Amino acid sequence: MSPTIQPSIRTAVTNEQVISLRHGQVVQASVNKIFPDQRAEVQIGNHKMMAILEVPLKAGDAHYFQVVSNKATLQLKVVTDALNPSITTSNQTKQLMDSLQLPKTTEMQSIVQQMIKEKIPLSKEQLLLAEQWLKEIPPHVKLSEGLMAIQKLSELKLAFTNENFTMLISGQDKNGLHHLLDAFKLALQNDTSIPTSQKGSIEKVLTQITQPFLNELGGAILGQVIESLLSENTNESDKLTLLNLLKEVGLVPKQATLADWLSSEARHFQPSETNQKLHTPATDHVISLLTSELDTKVIEQLTMLSRKSNHLVIQQALSMAEANIQSGMNGVTIEQAMKQILSNIGFDYESKLAQGSNLSQISESLKPQLLALLQNFEISAPLKETAEAIVSRLNGMQILSGDNGPQHQLLMQVPLDFFGKRMDASLQWNGQMKDDGKIDSNYARVMFYLDLSSLKETVIDMQIQNRIITINVYNESEALMPYADQFREALKTGLNSLNYQLSGVFMKSYSKQPEPPPLLTKTQVSKWGVDILV
645 MSPTIQPSIR
655 TAVTNEQVIS
665 LRHGQVVQAS
675 VNKIFPDQRA
685 EVQIGNHKMM
695 AILEVPLKAG
705 DAHYFQVVSN
715 KATLQLKVVT
725 DALNPSITTS
735 NQTKQLMDSL
745 QLPKTTEMQS
755 IVQQMIKEKI
765 PLSKEQLLLA
775 EQWLKEIPPH
785 VKLSEGLMAI
795 QKLSELKLAF
805 TNENFTMLIS
815 GQDKNGLHHL
825 LDAFKLALQN
835 DTSIPTSQKG
845 SIEKVLTQIT
855 QPFLNELGGA
865 ILGQVIESLL
875 SENTNESDKL
885 TLLNLLKEVG
895 LVPKQATLAD
905 WLSSEARHFQ
915 PSETNQKLHT
925 PATDHVISLL
935 TSELDTKVIE
945 QLTMLSRKSN
955 HLVIQQALSM
965 AEANIQSGMN
975 GVTIEQAMKQ
985 ILSNIGFDYE
995 SKLAQGSNLS
1005 QISESLKPQL
1015 LALLQNFEIS
1025 APLKETAEAI
1035 VSRLNGMQIL
1045 SGDNGPQHQL
1055 LMQVPLDFFG
1065 KRMDASLQWN
1075 GQMKDDGKID
1085 SNYARVMFYL
1095 DLSSLKETVI
1105 DMQIQNRIIT
1115 INVYNESEAL
1125 MPYADQFREA
1135 LKTGLNSLNY
1145 QLSGVFMKSY
1155 SKQPEPPPLL
1165 TKTQVSKWGV
1175 DILV
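Position in the sequence shown (first residue = 1) + 644 = the working numbering.
Calculated directly from the structure, the hints in this document are not laboratory data.
Hints may be right or wrong, so weigh each one.
What the hints assert, rightly or not - Below, computed lysine to aspartate or glutamate pairings styled on DMTMM-like, alpha-carbon distance capped at 25 Å:
id: 1; residue 1: K891; residue 2: E871
id: 2; residue 1: K818; residue 2: D835
id: 3; residue 1: K941; residue 2: D835
id: 4; residue 1: K941; residue 2: E966
Said to hold, decoys possible - Label pairs and their calculated CB-CB ranges:
id: 5; residue 1: N1143; residue 2: G972; range: 24 to 32 Å
id: 6; residue 1: S1155; residue 2: P1126; range: 16 to 24 Å
id: 7; residue 1: A726; residue 2: S1155; range: 42 to 50 Å
All values derive from a computational prediction rather than experimental measurement.
The beta-carbon is built from N, C-alpha and C at its ideal position, and this holds for glycine as well.
Kindly generate the complete structure, drawing on both the sequences and the hints.
Written out as structure tokens, the structure is:
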């Protein structure tokens, strides 16, 4: 799945960047000076270089050329007549398509227009491949996303393959990771060719990703169950229900009766022999769970059975447990959870690998386990397909993340699941670095795309100019403004503590939401500080 970089046949180096030209590529260049033996100084963008021309040309004219030689000196073949400075993009597109004898399809016209606009060097063979790829993109993929993927293949000097094109398309997908993880988990459960230990390791990290507060919630549920069992206010029927719940997950022996358990084990609760034993008082069970003294599968099963139960006493224990956990959560807790999710997914796997991190530890994240799984040629087709889709998404975001001079770009997605409430967060970060290597936080744009159970689809667009913040909230509910007013002062105070000034919060119709910021390209280097799309 790793992209490869093809060697160029000609490289011109400047203080700003490197331009690479390959055999067959078509580029626009200006003829600056003419020398004997059909040699000339040509300029491609900001880069000047010596080249051999096949036919005599006039200094000052611009043409489209095709790279035809891999010798020490660049050799160019003229593709079009001299370009008129006032020629429109449409006419220039037609002229280039006619010269290269390209098919007159909508897809090809769009590719050539993008090639001209962004000055992308592509060969005729690459243009024909790109046209075919655009014809085959799924209905939910926009043409602009396909064109961006083609442009990135050229800019990043990646092998011009359908696999890499698909990877870059996937990297731009804002649909989130939840549906991919769900499909993969189902395929994993149905595949019998995978060793039990390998399947268990993958299932463990999937649980850590999709249920970041599983241990905390399971511990709180267990604490509530034990507290109710010991309470004199709980009737015997409810106590039997709670005891049976503990039996179902193996924390209490099947043959234990309520009377026996209350008399002999209530104060020193012990699980069955199939699980690691606890010898702590009931009030310490939450702490013991938070230190991972119980198997993750036991905690997962306890939480799952509690959520599915129709018994009021269990529903009450679940509600109180969730309330207790949520009451202790704050911004720092959420931040730590998101960082742990990203680490468990393996977003930083290659980075940690390059830094010499402990291989056994970083190999426990999802991405390296998927790469190892794909080496098994006996796995089922659905499992292979879903594993490749996840790896392609991760690789696509990684490849699209990078820098263009002072501008830095980062794309990532975080699948969030807090107490059964799921949300995918897609982040697009475009930042300008200061001289000291830090982000310029004075100018920024932050966009949150949310699909909420009550408010439905909501977009929050926060723009920062010289540390002055304006927030636009796009939603169809007219009753949202009074609720927003309740938090205005708290928001203003919080921003002031960070040396930001709130200009205003405005409610607008969701149908008039702004377009998300485009991916950063070499010709679209923004002067904004940060762009985040969540």
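Hint check:
no.: 1; hint: K891 <-> E871; verdict: holds, 16 Å
no.: 2; hint: K818 <-> D835; verdict: violated, 29 Å
no.: 3; hint: K941 <-> D835; verdict: holds, 19 Å
no.: 4; hint: K941 <-> E966; verdict: holds, 19 Å
no.: 5; hint: N1143 <-> G972: 24 to 32 Å; verdict: holds, 29 Å
no.: 6; hint: S1155 <-> P1126: 16 to 24 Å; verdict: holds, 22 Å
no.: 7; hint: A726 <-> S1155: 42 to 50 Å; verdict: holds, 48 Å
Going down the numbered hints, you'll see the structure goes against just number 2.
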